[in-house]
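Enquirer: Chains as they are written, first to last, in our numbering: chain A, -18 to 177; chain B, -18 to 177.
Hints listed in this document are in silico derivations from the structure and should not be mistaken for laboratory results.
We put the beta carbon where it would ideally sit given N, CA and C, even for glycine.
Watch out, some of these pointers could steer you wrong.
In silico contact screen, one side only, chain A against chain B (beta carbon under 7 Å); selected entries [as the list claims (entries may be wrong)]:
no., residue
1, T13
2, G17
3, H51
4, L53
5, Y54
6, L80
7, K109
8, V113
9, R122
10, A126
11, Y171
12, K173
Number of protein chains: 2
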Amino acid sequence: MSTTSIPGYTYGTSEVATSPLTLQDLELLKQTVLFGTEDQQYLRTAGEVLADQIEDVLDVWYGFVASHPHLLYYFTDGKGNVNSDYLAAVRKRFGQWILDTCNRPYDQQWLNYQQEIGLRHERAKKNKTDGVGSVPIIDYRYIAALIYPITATMKPFLAKKGHSAEEVEKMHQAWFKAVVLSVVLWSLPYVKEGDF
Amino acid sequence: MSTTSIPGYTYGTSEVATSPLTLQDLELLKQTVLFGTEDQQYLRTAGEVLADQIEDVLDVWYGFVASHPHLLYYFTDGKGNVNSDYLAAVRKRFGQWILDTCNRPYDQQWLNYQQEIGLRHERAKKNKTDGVGSVPIIDYRYIAALIYPITATMKPFLAKKGHSAEEVEKMHQAWFKAVVLSVVLWSLPYVKEGDF
């Protein structure tokens, strides 16, 4: 996958934040969402299934955001003006996130990048990557709530390449676990000191 | 449902915290998890299906917690001693939570009780309801991560009363949405001022 063409996508570079969490912390979180080696394998398969459908998935997700003013708000200046360049820049990284979630090993580098993503949603780093003057934070409540649509809308795409119902279900469950895991990690910058 | 016999279950009373959120906030969250009137109806059906299976569901959930020391930890004194009275007291309210999630209208009273539940997990009110000397907080990360097992383990129970696969799936999706909604609301006391 070509990633050098995505502005602001800094995975694995020295620009990425360092997660305060360890691989042991991650292991316990994986146990809590029942994420095992079989899930890793099904995510790899999902990565193959989704590779040429990323734009279609993003069309669904962006359509959802665009049709809900309380979500589209986070891409505005707070006065009703949507920044379409910002939407487009985030879209590329969002697509890459789908592939990374399926294909990357969940190691310290991955953990660090989840911290980076969290910071970019919270006020610590929002708008900075793209140099935009949008509202200062994506409120926590919607990041967590998006677990549902980001999970549920994926299933039809996983079913589009002729896998059995059982295989689709296993890919989907692995995706669900990975989304919960990701959102938990993105939440870290939002949570009070000592409460995470 | 008889609730007067559950110590610490204060739903609808003046002892319950007041949520800082409004019904309009709740409406936007419901939109974000795609929760509609059909989901409400399927939750009512789920409530009927689950009514005589609550102890079986709790056996699965408590078995999961008991088999993971990093989760069981939150019912200990922090020195490895599990408080079984505390586990038992929470269990009754946890069972009632399943029924309330299915049967209660999601109104201001419900919103307030989600705030109360959040406070009882965070350091603000943990241990106080049961007057126990357990560790001071259930860390945010596991409350959010439990979205997966609390959702996934419910499906077989929803399928046990002869409903069609489609009805079971609709009950399960409604349950998934309700769990995400609940966990978002429980997170409020954990999130930094202004970030929720």
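Enquirer: Take the hints in turn and mark each one as holding or not.
Expert: Hint check:
{"no.": "1", "hint": "T13", "verdict": "holds, 4 Å"}
{"no.": "2", "hint": "G17", "verdict": "violated, 12 Å"}
{"no.": "3", "hint": "H51", "verdict": "holds, 5 Å"}
{"no.": "4", "hint": "L53", "verdict": "violated, 12 Å"}
{"no.": "5", "hint": "Y54", "verdict": "violated, 10 Å"}
{"no.": "6", "hint": "L80", "verdict": "violated, 22 Å"}
{"no.": "7", "hint": "K109", "verdict": "violated, 17 Å"}
{"no.": "8", "hint": "V113", "verdict": "violated, 20 Å"}
{"no.": "9", "hint": "R122", "verdict": "holds, 5 Å"}
{"no.": "10", "hint": "A126", "verdict": "holds, 4 Å"}
{"no.": "11", "hint": "Y171", "verdict": "holds, 5 Å"}
{"no.": "12", "hint": "K173", "verdict": "holds, 6 Å"}
Consistency note: the structure conflicts with the earlier hints numbered 2, 4, 5, 6, 7, 8.
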